[in-house]
Amino acid sequence: MARPPAPLDDLARQYGPHRHDAPPGGYEENSRRPHSLVETHCCFCGQQCGIRLKVRDNQVVGFEPWEEFPFNRGMLCPKGVRRYLQNAHPDRLLDPLIRAEGGFRKAGWEEALGTTVSRLTDIQARHGKDAIAIYGGASLTTEKTYLLGKLARLGFGTRHIDYNGRLCMVSAGTAYKLTFGVDRSPNPWDDIPKAQVLLVAGSNVAECSPITTDYFWRCRDNGGKLIVVDPRMTPITRNADLYLPVRPGTDLALFMGMLRVIIEARLVDSTFVEQHTTGFDALAASVQEWTLARAAEVTGVPPQSIETAARWIGEADRAMGLHARGIEHQSKGVENCLAMINLFLVTGHYGREGAGCVMITGQGNGQGGREHGQKCDQLPGQRSITDPAARAHVASVWGVSPDEIPQAGLSAVEIMEAIHRGEIKGLLSMCFNPLVSLPDAGYVREALEKLEFFGVIDFFLSETAHHADVVLAGGLHEEEEGIVTSAEGRVIHIKQAVTPPPNARTDTDILLDIARRLGKEKYFPFRSSGDILDELRRASKGGPADYGGISYEKIDRQMGVFWPCPTEDHPGTPRLFEGGRFFHQDGRAHLQSSAWRESGDPVDADFPVYLTTGRVVSQYLSGTQTRRIGPLVDQYPEPRAELHPRLAESLGVEDGDWVAITTRRDELCFRAMVVKTIRPDTVFVPYHWAGLRSINRLTHRTLDPRSKIPEYKVSACRLRKVEPPPERLPVALPMAGAR
Amino acid sequence: MFGYGFYVDPERCIGCRACENACAECDTHRGTSMIHVDFIDRRNSIASVPTVCMHCEQPTCAEVCPADAIKRSDDGVVQSSLKPRCVACNNCVVACPFGVPKMMTQLEQMMKCDMCYDRTSVGKRPMCATVCPSQALAYVQPDRIQVGRRETPTNRFRFGNQVITTKVHMMAPAGRDAIAVDVVDYMWEAQR
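Chains as they are written, first to last, in this note's numbering: chain P, 1 to 739; chain A, 740 to 931.
Just so you know, these hints were derived from the structure itself, not from any lab.
Heads up, some of the hints might be wrong.
Said to hold, decoys possible - Reference excerpt, derived from the structure (chain A facing chain P, CB under 7 Å, subset only):
#: 1; residue: 764
#: 2; residue: 770
#: 3; residue: 860
#: 4; residue: 869
#: 5; residue: 891
#: 6; residue: 914
#: 7; residue: 915
#: 8; residue: 917
For every residue, glycine included, the Cβ atom is placed at its ideal position computed from N, Cα and C.
The task is simple: from the sequences and hints, build the whole structure.
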């Protein structure tokens, strides 16, 4: 029974989250002493801004802008500016921990690793190989994700490995693979300023990928028009030329309505459609019923706005679309992406400068982290695990027979459900905080408590790790060399700036030690991250995500290499589909038709308001890192419920009052933020907090049937005013772990 | 950095506070930001605006200082108060038309943006203008600022009868040579 070994308040007092506010020795002292500079990248978000870390005495003590790195040219957001404060942090786990009576006790590596391996293999001996699962994360370097995938499949022999990118990029990835035969943003960001029209859907760029704002403003300076699709007026909307306040969960209807306008107005590029696509007739038929009147009725967007947006895209020579979790975090996330892509395909906006529809990857290694083996259905190089040829290739690189590679396993949410059902009894999790980040957190807690064995590899004790039997003290982003791939498909080089504290280890060390204890060291002969990259290059070779010609040295020389890059002398591929050549066997893009469906948690008389969730600029994901950085905590100390004055007045709520939000799962209280920048039928709460501040207690587990992404962006709820302050809330603001 | 100008364009601000955070991290500021970002009216709008010292040619803060503690250097940068002279009277804080100076109560000294003297003097751009991800703060050569931008820079501000000329420029809608903030400035009486 994997229950926390002590009251959560006690664990929070001991392990945090505590604030870290200043560099080692304080600002005064820090400014006087010399330092060296390491050119690397920020660990927060898929923009992967170049940054120089100040290093002294094996600690990161500050930052300097890195103006030569072409993507962000020195620009940063507050997370990047303060990211150095996660180093030398008082909450850093310095030793392995083992659950004991009344708390965790420090343990040696021999005991911690020995226990982890023997308990997991014992479960497998009693209940079968697939009775354990591995969770990975998209903040890890690509080398680590490759290693984790290989460890699951060859080390433990389980088919169940999946990762927290399942909560991020899989709807877009599925849609791009269906349509194009490859899962990557087709355009480099340098294309954005060259577009004449930008359609930005479900992406709070100013807060979730702030550097992209610079590209938008440059586009507008060049005369480009900005269209924003969002239930909230996010900060970029202040300069939008057209704003479409779409009702949560209705993006598909909007895009189908727009496509019908494009077809009716004869704005289809029929030459491009005939020469480079398949499926147009079926697609055209599928949107016939989506008249402007119906689209407006379903989406809550004025018909003339829908028509104008469609015409601007259809009439432009170069148009680009950008989408993110807003349209992807839905039970029809894949359909939303397909329908948005279709707008740009039928108008011929692909394979050219300033033309294309791209996804904005959210997590640090959201792109690279899904390409090389920690996704339940993929092998390295973005190869399908069900494809016999792909299995044969990877098996030959690994030196095993294809039969020894397990088949596809369950996805992240499905793994938690299998744990809840008692089918999966052991879990090893790295870089993942599912108690905060998965939907329906009460259900997740129940599942975690059923585990026979739970091992965690992390550098802070996350809320999920409270349930662990063994915690292996892993390494920080700045403690290991590796590669990651940014939102635009640029493979970049993360440098080792410092080494882990004496008794902590790098993640790679831990994984290799586990492999050795499993008796599988012959498959893991790696002595450095570079060794892993060499094998990864061979394993990816010939696949859609071909890293064959990518090396650390080449990345440094070119300031990044866009994949595919099959050979040493290949410069990389910033823009995909040049000349209208797509990655499917027939070289064409396959237009996909969709049919309208309702959300998995429908609004009704009992739950009449839409609840939608997202991020704020100063926090990142489940907050394991950013809730420990003082200035970022101060910037947005607690989640607020954003609601429109019209809704607030109907509830008798004023700004700063407390409201209870109730869904079909649970009820929580938040302080209200009354603003006219959100639809009156919608309430927004950001998701970075735990315990009674965790909005994911209220979200639901309905998944997109193909991508298996949860529907975070659309839940049904009701609200009522409550008296402040609810006593059960812990007082210390960053102490968000308590019940 | 010789020949560079500082430009503020509030319309491009996304309220992310990268500038505030970076200003605090600058070696000479030691954890305290010398600039600030305001959401103007969050209930009704997402509009936000960064405020840096405008570095006036005739700084009101210096004019009202009873201790002669605020100096403007030859290159037009208005400095924080001189520690030995500052009497922490708050006159400058109250008088500045832009609301810039801050009283550091613990230090008993007024501190304000000095346009990153430590950085610009060694060829680096000011911290805030380097990190700003949305072009709301820019430190560039004057002939670069209008490449592509529709707005025009202006550095004359009318506060009723007081006209202030500043080292820092504000990006204004095209065709304006000064920014007036008082309705009176737009009335027929004021033109006489």
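Checked hints:
At a threshold of 7 Å, the smallest CB-CB gap from residue 764 of chain A to chain P is about 6 Å, leaving the interface hint in force. A distance limit of 7 Å between C-beta atoms decides the matter here; for residue 770 of chain A the minimum to chain P is near 4 Å, and the interface restraint holds. Among the interface hints, the one on residue 860 of chain A is violated; its C-beta lies about 16 Å from the nearest C-beta in chain P, farther than the 7 Å criterion. Contact between residue 869 of chain A and chain P, as hinted, is supported at the beta carbon level, the nearest pair being about 5 Å apart and thus within 7 Å.
A least Cβ separation of about 13 Å between residue 891 of chain A and chain P goes past the 7 Å threshold, and the interface hint is therefore violated. Because the smallest distance between the Cβ of residue 914 of chain A and any Cβ of chain P comes to about 17 Å, over 7 Å, the interface hint for this residue is violated. Checking residue 915 of chain A against chain P: minimum C-beta separation of about 18 Å lies over 7 Å; hint violated. This hint is violated: residue 917 of chain A has a C-beta 23 Å from the nearest C-beta of chain P, more than the 7 Å allowed.
The structure shown violates the earlier hints numbered 3, 5, 6, 7 and 8.
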